[in-house]
Structure formats: C-alpha cells, structure tokens
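Here is how the chains run, residue by residue.
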Amino acid sequence: MKRSILLSALISGLGLTTPTLAQSPIKIGMITTLSGPGGYLGQDVRDGFKLAIENGKLGGVPVELLVEDDGLKPGQGKQIAEKFMKTDGIKIFTGIIFSNVLGAAVPDIVDNGALYLSANAAPSAFAGKECHGNYFVISWQNDSLHESAGQNATNLGYKKAFILAPNYPAGKDALTGFKRYFKGSIVGEIYTRLDQTDFAAELAQVRAAAPDVVFQFHPGGLGIAFLRQYQQAGLLGKIPMVVAAPSLDAVTLAAVGDAADGLSVTSHWNSDFDNPANRKFMTAWSKAYNRSATYYASQGYDTALAIAAALTATGGKADPKSLGAALRNADFQSVRGKFRFGPNQHPVQDWYSLKVEKGADGKLTLNTKGTVLKDHGDAYATQCKM
Amino acid sequence: MTLVVEQLLNGVQLGVMLFLLAAGLTLVFGVMGIINLAHGSLYMIGAYAAAIVAERSGSTALALVAGLGAAAAFGVLVEIAVLRRLYARDHLDQVLATFALILFVNQATAMLFGRQPIFVAVPSLLQGSIEPIPGLTYPVFRIAVIVVGIVVAIGLYVLINKTRIGMLVRAGATHRQMVRALGVDVRLLFTAVFGLGALLAGLAGVMAGPILAVQVGMGEQILILTFVVMVIGGVGSVRGALLGALMVGIVDTLMRAFMPGLLRGLMAGADADALAAGLSSMGIYLLMAIVLLVRPRGLFPAHA
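These protein sequences, in sequence, are chains A and B. Here the first sequence is numbered in the numbering used here, starting from 87 and rising by one per residue. Here the second sequence is numbered in the numbering used here, starting from 9 and rising by one per residue.
Bear in mind the hints are in silico, worked out from the structure with no lab data behind them. Any given hint could turn out to be false.
As the list claims (entries may be wrong) - Partial chain A-side listing against chain B, Cβ under 10 angstroms, derived: (1) G128; (2) R293; (3) G306; (4) G307; (5) R314.
Every residue, glycine too, gets a C-beta built ideally from N, C-alpha and C.
Given the sequences, and given the hints that come with them, work out the whole structure.
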C-alpha cells in the first residue's frame, strides 16, 4: 500500500501522471514584451492574466502559463512561438503587445492549428480578408481605438485637426481610424519614428498649423515624452488634445504630471467602471500589486476570463477545435461590461469618453464621462469570410 | 522664418544631447580602444539617480550632483571590475562584455524601480518659455540644455588642449605605447578617462529626465544615434564628436520638419507623408554614408 503511494508520487513527480490521478495542466503560451521601454505593457497584460488564474486553474481546469519576452523584436516573437509549439506542444497562445511582433508570430501559430487570443495588438491586416478561425481578439481592432477618438473630436465640435502617429502598422491604423470618424478637415499629418524621443520638430509644425485640436497616438514612453514636450512648448491649454487609451494610460498619467491636465481620452475600459466584474478585478488588483491598473491589465484579465469560460463550456477539453467553438460564444463577464465577438472574431463593444481631471487631493485622474460609440465593431469585419 | 529658426534651435539642442554622449564614447574608444556598448546604461543611471533624488529631496542641485556622481561612480566601478580585463582582448570580447552589462543594468533597474516610467519635474527655475525673437516662444529648459552643451564643449576643449591631463589623453589616443613607455600610469589615466565619459553621459541623462521618459531601456534608444555621431566625427576626436553631433541633430530635425512640406509640392498628400517619413528616418544614415564616402575615417580622425 505504502509502496504504491510512493510509486504514484514518484510517477507524478516525473510528469507521467495518468488522468485518473490528476489532470496534467493545459499549457498556455504567453509571448509578450517585458524588456525595454514597452516593458510595463507586457508586465500588466501578464499580471492581469495571472490574476484570473485561481489556484492554478482557469474554469476549474488546471493550467500552466509559460511567459517569454519578445523584446519588441518580431523575429524573436516568431522564434518563441516556434519553440512553444515544437518543444512544449502548446496549443493556446496570447500576450503579444505590438502589432509588428504579432504580424510575424501569429500566421505561424494559426497555420499550425493552434489558437491565438490577442490581449492587445490587432492590426487591420488580420481583421479583414486575412481573418482566421483560430485567431481571436479580446482587446479591440487597432483602428477602432482611434475611431472612438475621431468620433469624440467630432462630438466635441472640433473642425481642424493635426494628427501624428509613429510610422509602423498600428500607427497607420491609428490615423486611418481617426480620419474615418472625424468629420472636420485634417490640416497636418505626420508619421514620427517608433524610436523617436524628441518631438520638438513636430511640435513646431503643430504650432505653425494652428489647428483646433491635436490627435496623437504614441503608446508608452513615447507618449510621455510627447505630452511633456507639448506642455513645455507652451501648447498645453492652447490647443486641446484628443487621444485614445494607448496614449494616456494610468502609468503615463503618473509620469507626465500636469502635462495631461484636461486631455480628452477615449477608451473601452476605465478603472472607475461600476460593474461587478470590474469591482472584483480592481479589488484583486490592488490587493495583489502595488501599482495602478492599466487597461492592458484589464485586457490580460479579460483574456484569461474568456479562456476560463471556454474551458468550462468544453468540460476541460482543450483541443483548438472545441475550445475555439466555445470561445466564439464569449460567454464571460468582461470587466468593460458588454462584450461579444463580431463575424471576424474581433470585439463588438462600447467606447467611452474620459477626461483627465484634478481630484480633491490635487492628483490627476481619468474619469469616465459618457459613451462615444455603442456596439462598435470594426470596419474590416464585412471583408472577413470564415 | 521664425519656424526655420525654431527648428534650427531644436536641431542644435538635439545635437548637444548627442554630443555629451558621443564625447565620452569617442574619448573612451580613442584613448582606450574600447567599444563600450554600455554607454547608454550610464546615461540611464544618471537619469534615474537624478530623478529619484529630485523626487525625494526636491532639490535640483542635489539631483544634479546625484546624477553625475552615480554615473561617474558606476563608470569607474565598471572600468575597474570589467573593462580592465578586456584591454588586451579583441573588440568582439569587449562588445560581448559591454552588451552583457546593458542587460545586467536594465534588469537590475527594472527590479529596483519597476518598469513604469518615472516622472521628473522641470526645475522651477527653468520652467516656462521665453521669446528670444518676436513671434518665437521657446522653452527655457531647452535653452538651458544648449547653454550647458556649449559650456561643456568649451570646458572639454580647454581640458584636452591646455592641461597636462589633456596632453596625456591626446598622446594616449595617438601614441599609446609611447605614453606607457614614458612611465605614465596608464591604468589611472584610463580610469579617469572612463570616469569622465561616464560623467558626461550622466549629465546627458540628468538633462533628458524632464524632456523624455525616464525608463528602462532609454539608453539603447539613443545609443545608435551616438555611434552614428562618433563615426561621422571620426573615432577618438572630441572636436569631431561636436561637429558630428550638431550635424546629425540639425539634419535629423530639419528633415523631419521640412521634408513632408517639400514633397507635398511634388506629389499627393498621403504618398508625400509616407515617403517623407521614410526619408527622414534615413536622413542621418545617408549623411553618415556621404561623409564616409568623402572621408572614410570620419571628419577628424584621431589616429590619422
């Protein structure tokens, strides 16, 4: 008797468990950006995802999360994906932050029959004709982030806009998205560099063009530099700015100080959303981590919730076919409230306007003001034939 | 017209930042023959130290001292602990070791201070903007950066051309063996030069804090530009670094500022913008290619 227990313990220790003893955990591969200036984005997606794993389980099924850093290098992202598939036999992937990394890694993943759930980047290239049954997006389609900003600028009555974004896939999606919903005229359009740190040349052009409003997309550290230099150039308070969530999250807000005062932001999530799922998320986050929750964290959390719901529905079956079918129902309580998938498996959701305001303690906070777009999908869904 | 002047000022200001970094890098390479990839890390250390001290103490002077001190101290430490073992080795070993230092410093910074960028306030004395010529408002802080750059350039000129240490540095750059044979303590000289390079990188970091995002990996963003400056100016020459930095800063800024406008006169708006964005990111590399075509060893090579 004792001997058999010892033996089974030994076997399970070696990872040779039989289903009757204990189910071996389902592996989930997370490729994300943890180093360099974009590092906090990946860190928040990862930590948000981890928060939804309860006692090592998602939807009652044991899971194991494997995380690797892509270093914002497309080639490295692709290599990690290959390694995860070949050596670890992983069938569920998530985590990529930047569109250029996603573009390199995702085709391999879905062509090999594995599932990819995007917790952030969703370039237009994969939303239309190139959509894929194994590719899900939990966050948003890139354009739609900025469509909400365009609609917001229209709602606020601005007529002449000056728009700027970095010269990479998501930057192009951003300006396209903004222009799609902005009804006024564009007086200037600039593509900056993804590694640019000094925006003085661009700001001088903004001043010379004298627009009603500036729209810019500069995620992470780029946005911090842009906003601070905008303030130092004396443009803050003179020319209003509308941005979408990536250009001003909780972290950048803390790092720019007064330079964000009065900014109009649009987002699909904010920390002050009053729904049960979000209250639970915010409580768990503040308990687990000693920092502000960003929308990246909420997307990581939502992605894990979506997987959990699908695993519950399949009764623990994790083969891509049954899990994909269950995922399509999106039967989970998103922290943003309403959530469903469109025909291209990208979200259909509401977009909100937020405003940066000084609280009673003099600290700047992002407050939700109203709805900008309702049940908003994306412009590419109709081109998707699955 | 004021726009051109403003853009030129912007170019000079970017050039000054690059000069502070490139001067140290080029001195270290010229005198010691070391390719130091971790130069960007020294810049980051300067920025972090200043940011943290400024936040805790609220004093700009203390922050400046802390930033310079931390960068110089770390530079000296690295020279004694790591680089001293590498002088005799070939460049590949040096590149590998200093690349490892980048990874080490970045990870350590992320562990100590987190991956979130930190906020650095503009010193109250240098807030706001002034109007140097009518119709042109320019941030005081950026003017201060330019002034500091000019002061450092003059200081380095005096140090290198008028003092005994400078004489040793110049001699070390051109006739290293002879300097050693004459009984100069080359080890001490090397440590001093590396420390000076680190100090300048730290100064650039301190000044970058209020303008840029102080975060892990900030050094690598600017490192490539710094190498371009060093190659254009001629390896080992501080004069070359100054001229190269100003050229890179001004060319980069002016291309970014005026290329779209120029091209828009020739073709449709969207095409012009896309082409201008591409051309302006190539601008400095084109400049480097042209300079190297005419002067293969840079503008002022130290080992001519």
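Tell me the numbers of any earlier hints that the structure contravenes, in ascending order.
none
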